[in-house]
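Quick note, the sequences are listed as chains A and B, same order.
If you count by the working numbering, then the first sequence holds residues 5 to 116, one letter each, in order.
If you count by the working numbering, then the second sequence holds residues 752 to 862, one letter each, in order.
No wet-lab data here; the hints were simulated from the structure.
Cβ coordinates follow ideal geometry from the N, Cα and C atoms, glycine included.
You may find that some hints are simply not true.
[Stated by the list, open to error] In silico lysine-lysine, BS3-like type, Cα no more than 30 angstroms apart, as pairs: (1) K822/B <-> K61/A; (2) K808/B <-> K819/B; (3) K756/B <-> K793/B; (4) K756/B <-> K766/B; (5) K756/B <-> K819/B; (6) K822/B <-> K756/B; (7) K61/A <-> K809/B; (8) K766/B <-> K61/A; (9) K809/B <-> K766/B; (10) K819/B <-> K61/A; (11) K822/B <-> K17/A; (12) K766/B <-> K808/B; (13) K793/B <-> K766/B.
[As the list claims (entries may be wrong)] Chain A stretches covered by chain B per the calculated footprint, using a threshold of three residues with CB under 8 angstroms from any CB of chain B: (14) 47–53; (15) 56–62; (16) 106–113.
[What the hints assert, rightly or not] Some chain B residues flagged as far from chain A (calculated, every beta-carbon gap over 10 angstroms): (17) E777; (18) A780; (19) P785; (20) P795; (21) E810; (22) T846; (23) G855.
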Amino acid sequence: KAGVTQTPRYLIKTRGQQVTLSCSPISGHRSVSWYQQTPGQGLQFLFEYFSETQRNKGNFPGRFSGRQFSNSRSEMNVSTLELGDSALYLCASRRGDQETQYFGPGTRLLVL
Amino acid sequence: QQQVKQSPQSLIVQKGGISIINCAYENTAFDYFPWYQQFPGKGPALLIAIRPDVSEKKEGRFTISFNKSAKQFSLHIMDSQPGDSATYFCAASFTGNQFYFGTGTSLTVIP
């Protein structure tokens, strides 16, 4: 069974631009969560989508948004990029509640 | 507020030694406690997980010890190997809710 895939793997943007990241979960998984990982900060939870609905949301500004499609694929959008948005963005999927999460390889975003 | 506190931040162990990483949590509603291993350039991968109805779970050289009354759980890596050098994250969640992660422990196993 294919794992979680994320595209693109690397991205360079400039301040003020916007970016869209994509995540394809493992087949049959209905939940997709997004995390931001920076050195020293660990994994910061952004949001979780379950069956196309945002179920949980972390403490990030409204510039960070996401959505989930009927095939469970998810996208995350960051508008008006700031230098501090440079990070590894990880997507994780799980079949449902009380199931473990499986992470993708991440998208490394560099904002110049 | 940090829901899951992890220590130490970094750990250096000799090959063959025991690596111990500790985590503490506050929310007694948590009912699932996984540990993840992350190598540079990769996403975290599930290592081992435990639910609060058991006090210990062992998988190969990896053991989770769980103390419900103290709200603590720990990862023990027996016979540590250089290939175990990675960053380890503990996490906690409960049904319908997000996962809360510790800040990570960078483990270095010296040959």
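> So which of those numbered hints doesn't the model satisfy?
Replying inline: 7, 8, 11, 19, 20, 22, 23
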